[in-house]
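Q: Sequence:
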Amino acid sequence: MPELPEVETARAAIERSALGRRIADVDDTDTFVCRPHSAGEIRSALVGLTLTEAHRRGKTLWCTTDGDAVLGLHLGMSGRIVVDPPAASGGSTDEGGDYWGDAPARPGAAAWFRFTLLFEDGGALRLHDKRRLGRVRLDPDLDALGPDAAEIDRDTFRSRVGRGRTPVKARLLDQSVLAGVGNLLADETLWRARLDPRRTVDTLDADDLDLLRRELRAATRRAIRQGGVHTGEVIEHRRAGGHCPRCGAEMMRGTVGGRTTWWCSVEQV
DNA sequence: CAACTTGTTCAAGA
DNA sequence: TTCTTGAACAAGTT
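Residue numbers (the working numbering): 1 to 269.
If you're looking for bench data, these hints aren't it; they were derived computationally from the structure. Glycine included, C-beta positions come from ideal geometry on N, C-alpha and C. Treat the hints with caution; some may be incorrect.
[As the list claims (entries may be wrong)] Now the in silico label distances, taken between C-beta atoms and shown as ranges:
(1) V47 / C247: 51 to 61 Å
(2) D25 / A109: 16 to 26 Å
(3) H55 / R35: 49 to 59 Å
(4) F113 / L211: 41 to 51 Å
(5) R225 / S78: 19 to 29 Å
(6) G227 / T31: 29 to 39 Å
(7) E236 / M77: 43 to 53 Å
(8) G122 / C247: 50 to 60 Å
(9) T260 / V47: 39 to 49 Å
(10) E120 / R239: 40 to 50 Å
(11) H243 / T200: 18 to 28 Å
(12) E120 / R246: 46 to 56 Å
(13) G122 / T200: 54 to 64 Å
(14) R222 / D153: 13 to 23 Å
Model the full structure from these sequences, guided by the hints.
A: Laid out in structure tokens, this is it:
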């Protein structure tokens, strides 16, 4: 479930291994994933160019090129970026190249390739996405995205997250308020901050908000380092019969902000 | 086999 | 108007 940490890992993989390779062909025929473009539109814009920089804000990824085109990538709920090395770079590339995620491309994975950049060197950059809710588009519009959750400064966080009276978890999930937090990272962050996800933001004082921002940054950094949001300390305890890994109390389940939410029945108040 | 899950979008409600 | 809630989407997983 790609959230900010997974997308940052994908961005770094692109930066490390896909920049500067000339694009020979593009498969953009999945117009559900590539909407609102028609088949061939992205291909026409990219063939002959190379990617020059890989950027990220929240869960949105985009690459500049040595032409006018900007390639936007969003992993949706199940997307992964797979970068294959040049075909002649030696070795059987059964590792599937530079990828992130819990499993490399396996036999049959081609069925889940929703978008492909074929490079002149014989390698490729692919979007692997079982559920097809990922998105590829030219010149992505970032206007609706708030500041990146890993970068937002203290005062901006206070004013944006603290405004209104929605449950704090729903606010953390709002990509227009701050970009990058998904369901698991929200639960992990609130658990670290010992805050009840159902608390409305008007009940949080400046210290609460500062603590929340601190724990969000710490949880995010940790997830990037450990390989994804699923490595969070409380994540494996988000299940029926689960117990808080700090105090041992029963974990509670509910729906907050439209998403399944787990929290410690004792510590998170 | 039916319910559940996930992020984003868009419509509906307050 | 502005803020908040909830359904829909795809399709694999439980």
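Q: 39 to 49 Å was suggested as the range; check whether the CB atoms of T260 and V47 agree with it.
A: holds (43 Å)
Q: Is 13 to 23 Å a correct range for the gap between the Cβ atoms of R222 and D153?
A: Given a distance of about 20 Å, which is inside 13 to 23 Å, the answer is holds.
Q: I want to verify a distance hint. Is the separation of the beta carbons of E120 and R239 within 40 to 50 Å?
A: holds (48 Å)
Q: How does the Cβ-Cβ distance of E236 and M77 compare with 43 to 53 Å: does it lie in that range?
A: Cβ of E236 to Cβ of M77: about 20 Å, so the range 43 to 53 Å is violated.
Q: Is 16 to 26 Å a correct range for the gap between the Cβ atoms of D25 and A109?
A: holds (19 Å)
Q: Taking 18 to 28 Å as the stated bounds, is the beta-carbon spacing between H243 and T200 within them?
A: holds (27 Å)
Q: Given the hint of 54 to 64 Å, check if G122 and T200 actually sit that far apart at their C-beta atoms.
A: holds (55 Å)
Q: Do G122 and C247 keep their Cβ atoms within the hinted range of 50 to 60 Å?
A: Given range 50 to 60 Å: holds, Cβ gap about 55 Å.
Q: Take a look at whether the Cβ-Cβ distance between R225 and S78 falls inside 19 to 29 Å.
A: holds (23 Å)
Q: Quick one: are V47 and C247 within 51 to 61 Å, going by C-beta?
A: Holds, at about 57 Å.
Q: Using the C-beta atoms of F113 and L211, is the stated range 41 to 51 Å upheld?
A: holds (43 Å)
Q: Taking 49 to 59 Å as the stated bounds, is the beta-carbon spacing between H55 and R35 within them?
A: 22 Å Cβ-Cβ, so the 49 to 59 Å window is violated.
Comparing the model with each numbered hint stated earlier shows that hints 3 and 7 do not hold.
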